[in-house]
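Make the full structure from the sequences, and use the hints.
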Amino acid sequence: MKTRSIRKNSKKRQAILEVLKNTTEHPSAAHIYAVLKPQIPDLSLGTVYRNLGVLCEQGEIIMLGKVDGEERYDYNKASHPHFVCVRCGKVQDFFTDCVETACKDVAEEQLGCEVKSAQLRLSGTCAECLGELGLKSPGAK
Numbered sequence: 001m002k003t004r005s006i007r008k009n010s011k012k013r014q015a016i017l018e019v020l021k022n023t024t025e026h027p028s029a030a031h032i033y034a035v036l037k038p039q040i041p042d043l044s045l046g047t048v049y050r051n052l053g054v055l056c057e058q059g060e061i062i063m064l065g066k067v068d069g070e071e072r073y074d075y076n077k078a079s080h081p082h083f084v085c086v087r088c089g090k091v092q093d094f095f096t097d098c099v100e101t102a103c104k105d106v107a108e109e110q111l112g113c114e115v116k117s118a119q120l121r122l123s124g125t126c127a128e129c130l131g132e133l134g135l136k137s138p139g140a141k
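Note that this note's numbering gives residue 132 to position 132 of the sequence shown, counting from 1, and the numbers run on in steps of one.
None of these hints come from the bench; they were simulated from the model. Mixed in with the good hints, there may be bad ones.
[To be verified] Here are the simulated PhoX-like pairs of lysine-lysine, each with C-alpha atoms no more than 20 Å apart in a straight line: (1) 104 to 66; (2) 77 to 90; (3) 116 to 90; (4) 90 to 66; (5) 116 to 136; (6) 21 to 116; (7) 77 to 104; (8) 21 to 77; (9) 116 to 77; (10) 90 to 104; (11) 77 to 66; (12) 12 to 66; (13) 116 to 104.
[As the list claims (entries may be wrong)] Distance ranges between label pairs, derived from CB positions: (14) 11 to 136: 42 to 50 Å; (15) 107 to 127: 27 to 35 Å; (16) 53 to 116: 51 to 59 Å; (17) 30 to 103: 26 to 34 Å; (18) 58 to 138: 21 to 29 Å.
Each residue gets a CB set at the ideal place from its N, CA and C atoms; glycine is no exception.
So, in structure tokens, the structure goes:
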């Protein structure tokens with residue numbers, strides 16, 4: 001019975017998935033709940049958490065880990081690195097395969113394993129926060 005309920009594609013689960021598909025913000029369960037509650041009055045935060053867990057199990061989304069004490073989620077399942085601002089908590093995608101490829105190659109060589117996926121997460125202060133602090137971004141020319 002439990003397997004059947006997990007596989008059932010509910011309207012609430014579909015709505016949660018749509019929120020994730022239509023954002024690049026890497027939202028938390030609380031953020032998704034706040035977005036959907038006006039449209040789905042009987043939605044509970046527990047339902048959002050349960051459905052996010054199911055979507056992760058099914059491979060529809062990935063969990064990025066905690067940022068400011070809350071798990072964050074991403075619809076983009078392709079291997080790509082993230083930058084997390086330690087000041088404002090914003091999570092940003094950036095695209096390069098050089099670091100992940102190098103780490104994959106080293107792990108496979110040293111451990112004799114086969115790497116299927118990798119997640120790289122850098123943290124620091126984002127360009128917007130640096131600007132607010134009156135500091136120049138290291139990448140600015």
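(message) Need the status of pair residue 116, residue 90: alpha-carbon distance at most 20 Å?
(response) violated, 27 Å
(message) For residue 21 and residue 77, compute the direct alpha-carbon distance and say whether it is at most 20 Å.
(response) holds, 11 Å
(message) Check the hint pairing residue 116 with residue 104 against an upper bound of 20 Å on the C-alpha distance.
(response) Judged against 20 Å, a Cα distance of about 9 Å means the pair holds.
(message) For residue 116 and residue 136, compute the direct alpha-carbon distance and say whether it is at most 20 Å.
(response) With a Cα-Cα distance of about 38 Å, the restraint between residue 116 and residue 136 is violated, given a limit of 20 Å.
(request) Measure nothing beyond the straight line between the CA atoms of residue 21 and residue 116; if it is 20 Å or shorter, mark the hint as holding. (result) The given pair, whose Cα atoms are some 23 Å apart, is violated under the 20 Å limit.
(message) For a C-alpha distance cap of 20 Å, please report whether residue 12 and residue 66 respect it.
(response) Measuring from Cα to Cα gives roughly 23 Å; hence the hint is violated.
(message) A range of 21 to 29 Å was offered for this pair. Does it hold for the Cβ distance of residue 58 and residue 138?
(response) Distance hint for residue 58, residue 138 is violated at roughly 39 Å.
(message) Hint check: residue 77 vs residue 90, CA-CA at most 20 Å. Holds or violated?
(response) Judged against 20 Å, a Cα distance of about 19 Å means the pair holds.
(message) For residue 116 and residue 77, compute the direct alpha-carbon distance and say whether it is at most 20 Å.
(response) Holds, at roughly 13 Å.
(message) Taking 27 to 35 Å as the stated bounds, is the beta-carbon spacing between residue 107 and residue 127 within them?
(response) holds, 31 Å
(message) Does the beta carbon distance between residue 30 and residue 103 stay inside 26 to 34 Å, or does it fall outside?
(response) About 32 Å separates the Cβ atoms of residue 30 and residue 103, which means 26 to 34 Å holds.
(request) Could you grab the alpha-carbon distance between residue 90 and residue 104 and see if it respects the 20 Å cut-off? (result) Violated. Residue 90 to residue 104 sits at ~27 Å, over the 20 Å cutoff.
Against the hints set out earlier in the document, violations occur for numbers 1, 3, 5, 6, 10, 12, 16 and 18.
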